[in-house]
Amino acid sequence: KNQVEQSPQSLIILEGKNCTLQCNYTVSPFSNLRWYKQDTGRGPVSLTIMTFSENTKSNGRYTATLDADTKQSSLHITASQLSDSASYICVVSAPGSARQLTFGSGTQLTVLP
Amino acid sequence: NAGVTQTPKFRILKIGQSMTLQCTQDMNHNYMYWYRQDPGMGLKLIYYSVGAGITDKGEVPNGYNVSRSTTEDFPLRLELAAPSQTSVYFCASGVGPLFFGSGTQLSVL
Numbered sequence: 001k002n003q004v005e006q007s008p009q010s011l012i013i014l015e016g017k018n019c020t021l022q023c024n025y026t027v028s029p030f031s032n033l034r035w036y037k038q039d040t041g042r043g044p045v046s047l048t049i050m051t052f053s054e055n056t057k058s059n060g061r062y063t064a065t066l067d068a069d070t071k072q073s074s075l076h077i078t079a080s081q082l083s084d085s086a087s088y089i090c091v092v093s094a095p096g097s098a099r100q101l102t103f104g105s106g107t108q109l110t111v112l113p
Numbered sequence: 001n002a003g004v005t006q007t008p009k010f011r012i013l014k015i016g017q018s019m020t021l022q023c024t025q026d027m028n029h030n031y032m033y034w035y036r037q038d039p040g041m042g043l044k045l046i047y048y049s050v051g052a053g054i055t056d057k058g059e060v061p062n063g064y065n066v067s068r069s070t071t072e073d074f075p076l077r078l079e080l081a082a083p084s085q086t087s088v089y090f091c092a093s094g095v096g097p098l099f100f101g102s103g104t105q106l107s108v109l
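So the protein lines, in turn, are chains A and B. The first sequence maps to residues 1 to 113 in the numbering used here. The second sequence maps to residues 1 to 109 in the numbering used here.
To be clear, the hints were calculated from the coordinates, so they are not data collected in a lab. Each residue gets a CB set at the ideal place from its N, CA and C atoms; glycine is no exception. A portion of the hints provided could be inaccurate.
Just so you have them, the derived chain A footprint on chain B, three or more residues with Cβ under 8 Å [unchecked claim]:
(1) 41–49
(2) 84–98
Residues from chain B that face chain A, not an exhaustive set, calculated with beta carbons under 10 Å [stated by the list, open to error]:
(3) A2
(4) Q6
(5) T7
(6) K9
(7) Y33
(8) Q37
(9) G103
(10) L106
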């Protein structure tokens, strides 16, 4: 069964600090890996999409890395801001029909002043 | 610049009642989806559509129905609501990055 595991479940950091969120997956075959940010009471918003041939992709202060061999990804947030407080969701896509997305349960990040 | 619009934002149903969750997108996307999000769980696909007149089941379709008469609209129908359908429902559209609506929080009591 395809699974996406994220760690930690929750994380609290101080404003201005960096942090790294982890995503391990068992989805195979693999098409692409996505990171989404979900603010409380809102729908997820796409941060990055990486195919198996991409090792890293950045979106402002967000940098995602992918190791397709070990089936691991990380999302690094630099110089955190209060607005970074949200749930970060890792999503892995298998090739084929539109139903082939497996969502992680997310890491809840809280940035304190 | 509306994107994906869902209504209502909140709803309380009694067991056995029915309702329709509305979803409209203005990005001319062929692909549209309905997901549910339960506490501590990843989003689960209920139904999806690859274009007007074409729908297919996702991972958790029981108790739900959909229709797609236009590119813009993809309503989700709950028949005979049950407590197990208490959840947050998200409509999305797109193929690469998905664009999500802001969600409908549904409680069945």
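Quick rundown of the hints versus the structure:
1. 41–49: Our answer is that it holds, as 6 residues pass the Cβ test (under 8 Å) against chain A, meeting three.
2. 84–98: holds (count 6)
3. A2: 13 Å, violated
4. Q6: Since chain A brings a Cβ to about 8 Å from Q6(B), closer than 10 Å, the hint holds.
5. T7: 13 Å, violated
6. K9: Since the shortest Cβ distance to chain A is 9 Å, the answer is holds.
7. Y33: Holds, because the Cβ-Cβ distance from Y33(B) to chain A comes to roughly 7 Å (cut-off 10 Å).
8. Q37: 9 Å, holds
9. G103: 6 Å, holds
10. L106: 14 Å, violated
Comparing the model with each numbered hint stated earlier shows that hints 3, 5 and 10 do not hold.
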